[in-house]
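*Asks:* As a plain string of letters, each chain reads:
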Amino acid sequence: MAESKIKRLQTTKLMKKVMADHFYELDAAMKAGSPKIAWCTSVGPAELLRAMGFLVYFPENHAAILGATRLATEYIPVANAIGYSPEICSYLTADIGAYLKGFTPLSKAYEGIESIPKPDVLVYNTNQCRDVKDWFEWYAKRWNVPCLGIESYVNVGEVTETHVAGIAGQMKKLAEDLTAVTGNRLDMDKLAEVVDMSRKCSDLWRDVLEMAANKPTPLTFFDGTIHMGPAVVMRGTQVAIDYYETLLDELRQWVKDGVAAVEGEKYRVYWEGMPIWGKLRENAELFLRLKTAVVASTYCNSWIFSALDGKDPWNSMARAYTELFIVRDDDYKEEYFLKMKEIFDFDGIIFHDARTCPNNSNCRYGLPQRFQEKTGVPFVTIDGDLNDLRCYSEEQAITKIEAFIEQLGERK
Amino acid sequence: MAADLFAGIDVGSTTTKAAIIDRDGRLLAEAVDKSGYDFAGAADRVFAAALAAGNLERQRVGKVVSTGYGRRNVAFADESRTEIFCHATGAYFHFPEALTIIDIGGQDNKIIRVNAQGERETFAMNRKCAAGTGAFIEEIAYRLGLELGELNAMAEKSEHEVSIGSFCTVFSCTEILGLLRRGAKPEDIVKGVFRSVVKRVIEMDTIAGKVVLTGGVVAYNPIIATMMAEMLDGQEVVIAPHPQVVGAFGAALTASRL
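The listed protein sequences correspond, in order, to chains P and B.
Residue 78 in the numbering used here is what sits at position 78 of the first sequence, and the numbering runs on without skipping anything.
Residue 1154 in the numbering used here is what sits at position 154 of the second sequence, and the numbering runs on without skipping anything.
Just so you know, the hints here were simulated from the structure itself, not pulled from any lab data.
Just to be clear, a hint being listed does not mean it is correct.
To be verified - Some chain B residues near chain P, calculated using beta-carbon distances under 8 Å:
{"no.": "1", "residue": "TYR1069"}
{"no.": "2", "residue": "GLU1083"}
{"no.": "3", "residue": "ASP1108"}
{"no.": "4", "residue": "THR1122"}
{"no.": "5", "residue": "PHE1123"}
{"no.": "6", "residue": "ARG1127"}
Since the structure is predicted, the reported quantities are computational estimates derived from the model, not experimental observations.
Every residue gets a Cβ at the ideal spot worked out from N, C-alpha and C, and that includes glycine.
Please model the complete structure; the sequences and the hints are all you need to start from.
*Replies:* Structure follows, in structure tokens:
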């Protein structure tokens, strides 16, 4: 195999350490029985859990590792066989399937870790989908631990005070229920501090992603899917803040030095939808070959929570977790793409229609066509999945992407 | 001898096609063979067959462009382009106006819209499913014990076309078993199969302007064009000249412009 031309940021090494520390800390807590462990959905109320003293584990991160290591497709059928359809979230099916087979990729990556960390409580937010709740409830029943959560709104246009009050109320009730698990009452000063740290992390992560507004861009969507780890699993901690400060410094240096993530960058495109975890490297290399920088994505932007504010933690958390792209209606999404186009100046959009992730597949209700009609921005849709490679035809995807870039070339 | 000709090689999922043209885009020779398991070998074979068919010498062929799924397996090609690009280029050469090009291939379908200047506006391919492709027709023919070459004539005879509703090829076969049990005639089933192909194709994307059909399936089954025109409410539907080699022809045109 030819040597990869993907340029790696030095900070990637630090990320490996940060992630290893995260998993070892969880493993030690499980073995010692303290601190207590909460599982949390990726855009769930992590700040509240940290403020109440929990270590927080994110199963979606684990499922993505199963995908990236190409093991997901092996375990999905195990969950299918117990009644979880191949059409539902392949994070859920891969994760449960792997658990049923007694496997975790963490054992391979981190010596001494034998299993995923058993939770004392599972906490979801349905802002992204209902599947996360089903997923968590399966484990809750298995381990006889509480499964608590926030039932969110869907298809929200403007986020109103009614939405905010509704979610903030659920969050306060959640804090009371969590008190029963920890035995400790929530310290509001601590919550404010964690919310502020999470906001700081979010701002830094946004700054990192917006470095791709530079031409040429120093980072792509594929780099983003790697470097987003701390923003997902460690937001609300100093570790995440330090990490993104380091990464941002390096990216600024790259921009100063004129380092291009894609040598000879000719085209810039936006990725809408989930990554295809098992094909990250192949896709990154395909775009390199096509001199095309995938400069931005809704997916990596999902961990930007600009509303967070320690001075008003409940309402700001409620707003931050409701104003996410995935919670919003199509009018909002069209406006959002327009804003992204202004920031990143891309030539076209690639929509990934992920078979098992309808909420992250925004090409099913005519949105790409409407957006193209309104703005002239061309698009292509590729069929695939986040984790289930049985739903992905690599040859067809390559042809579609190459044909799309040829099409962009005809316009330049 | 100066090279004055250009070639396009389209290595498709089912068949490999070659087209040789002159500077004015006149098609001098073409050839088609099964792609099989050896794409490079198939490319060599069709190129040799096209040269022989046109009684042309290899030295006269200058640039070669490859296309199709096996485009990267054609060692003697100077460059490659996607089949989307080549079908659009080939069809637009014949019909230089705003078009919707519909290619019904062995394992995939493409719908490509080009504007009056020949620039692509959108394209779509079938999702990862054989419904509406040549593979669907082949499977049904196999199940019914019919030769591919007799399907068009059979469908022409149909008086009471039956409806086949399933998306899935396997479910369609089961549906056909039920129709046969209830006494449906083979010609009515075959016409229903073609109707199913047309439905699967036209639901893939918006179809605007003149429709140009390409690919091997319409080359052998022109009834599809008639049925599609009926279903598109009088929109003009034509079959491209030499429909099976439009991709290779587009590749040859591209070679002539390198």
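*Asks:* Going through the earlier hints one by one, which of them does the structure break, listed in rising order?
*Replies:* Result: no hint breaks.
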